[in-house]
Amino acid sequence: MRDFLIRHQTPALLVAGLVVVTVLGVLTGNETVQVTLTEMFIRLVVVVGLWVFIGNSGIISFGHIGFMGVGAYAAAWASAEPGFKQIMLSGLPVFLQENQYPFAFAIIGATLLPALVALLLGIALMRLAGTAASIATFAVLMIVNSVYANWDSVTAGSSSIIGIPTVVGPWVAVGFAAGAVVTAYLFQVSRLGLMLRASRDDEVAARASAVEVKRMRLVAFVLSAAIAGAGGGLYAQFLGILTIDPFYLGLTFITLAMLVVGGMSSLSGAVAGVFAVTIIVELLRIAERGVSLGALDLGLPLGSQEIGLGVLMALILIFRPNGLSNGRELVWPGAAPAAKAPAGRTLSPELTGDAAPSP
Amino acid sequence: MSETPAFIEPPSLGVDRALTNAATLAAEGLSVRFSGLLAISDVTIRQARHEILGLIGPNGAGKTTLVNCLTGFQKPSEGRVMLGDEDTAGWSAARFRAHGIARTFQAGRLFKDMTVAENVEVTGVGLGLGLKAAREHAMAMLGWIGLADKARAKAGTLAYTDQRRLGIARALVLSPAFILLDEPAAGMSDAECEELMTLVSAIPKTFTSGVLLIEHNMRVVMGISHRVQVLDGGKTLAEGLPAEIQKHEAVMAAYLGMEA
Ligand SMILES: Nc1ncnc2c1ncn2[C@@H]1O[C@H](COP(=O)(O)OP(=O)(O)O)[C@@H](O)[C@H]1O
Ligand SMILES: [Mg+2]
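Chains as they are written, first to last, in the UniProt record's numbering: chain L, 1 to 359; chain S, 1 to 260.
Note that these hints are calculated values from the structure, not bench results. Among the clues, some could well be false.
[Stated by the list, open to error] A short, non-exhaustive set of chain L residues, derived as facing chain S with CB atoms under 7 angstroms:
no., residue
1, ARG7
2, LEU194
3, ALA210
We put the beta carbon where it would ideally sit given N, CA and C, even for glycine.
Please model the entire structure based on the sequences and the hints provided.
What follows is the structure, encoded as structure tokens:
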């Protein structure tokens, strides 16, 4: 058991950290704190999903928020009240219109449908070289947005889907966040993950090492779309009301900012980025609201959130291009198996350079 | 580097390795055209297993382009590449490697953010091994080439000659039928060249692999090649035993003259 934990300490530490934060948040008994936490964990699911593709393949994707939207709608179709669906979503298949499926079923749909869409689109996209593929993923985002904004009979178009049971709170969300972290870790250290990371470092050399690069990319693309889709499903069952608007540029920017800030070449970095950006955004949000001192209103102008985040990202890119994690994974100090601990580091727990602990 | 390299038994793959056991790798009447420029024209080369074939020629002669054709990285404009009796037309580079044709790169091209061990494991896994078998085989390879103590270092932090050796170890995973080395001694000192010669000349016996050796260092090529082929301006200028090539007048004029 001890060996097992030491070997897989990165996901163990990350999951433990998530649980501790949740316990503390729930103990406050403060509604706002719990809502913020839930939202952060849902984002974490999406960002970890995004990382599965970007972190391992080295190809930036602008399309994953589209997959999140596909997942959210899949969950809404399954779980919204039949009365609403029969009137407003008359284009849905009858089995969806007439039934209200439980949360588990909705989440499975929210995972499988984006995976299927990613598979079909990915077959075309993964034929493209790195930068061209990134640009093409942007098209995915736009296509999903315009299809869902205009396909009135199944998405209610520009009006909202309502009557989705709100069953996602901090504990459900953190459960999925932990599941996403573990899944991403298992992928990272798997055979497929190893081959994909090789192609990230040098695609030509990977092909010379018998790696079918396009196939590996496609697998990661589908898996990461599935995880992002699950995040979308959680989002739908957290808010209870759904439009396509949130699944566009703003969220794409913020999730990519999380990866950049945390460091996109490590899983720990993805998680750290979600925490760091959430804290900054919340602080800026409070500052925007301002404080009243008698007759004096002190507050940052509206829009400071976006500007602050942009400045933060620029600073990180300039001074710490590999993000807060510096491309390293979280490990317990001294417990790294046979790893050379970098001299002079006493952070606890510290970050060392071993993405995949070996026995 | 180990002085008496023992044969490294590849872990069983459980797939048909018949093609990997092909006796020859050959290019027949090969031409490659880059938007008008004829990089290679009508070159025929035949590499046998267990043989070290030196490939020399001035810069721009087309040596790397020929290796690219022989490993699936460049589609020939004319001619074909044969592995044994099999025409390789349409094969991907990964498929070439899966059928036992391995290569190194003039530019090294290591997976520099991955560990030394992982660099070698990738090929094992790419060829179908499980993680554990790939890891064990990688350690055996690193032991043979003398990098076992650096297994956990990042490949990008290795000294230059160690990077070259790692590239060779990575290519030798699971004993390929043929290994094509593109200027492995470039930038090495005399002593390092000496070590490399010992290493490369041990490959045919240790791994039952034929070696195609591109190299500018005449002492290295002439010292360990069984046969030498000379390219100049994309054409075969001469082909023969090292001693014959060293006496060949056209070769001396075109190439060796400027070395001396
Ligand atoms: N991808 C390419 N596109 C255009 N020209 C190329 C390309 N690769 C090689 N060449 C040209 O083909 C010729 C042969 O190059 P190369 O095979 O690299 O020679 P060598 O390895 O013998 O030095 C050179 O003139 C080179 O400029
Ligand atoms: Mg060359």
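Here is what the structure says about each hint:
no. : hint   : result
1   : ARG7   : violated (13 angstroms)
2   : LEU194 : holds (6 angstroms)
3   : ALA210 : holds (3 angstroms)
In this structure, the one hint that does not hold is number 1.
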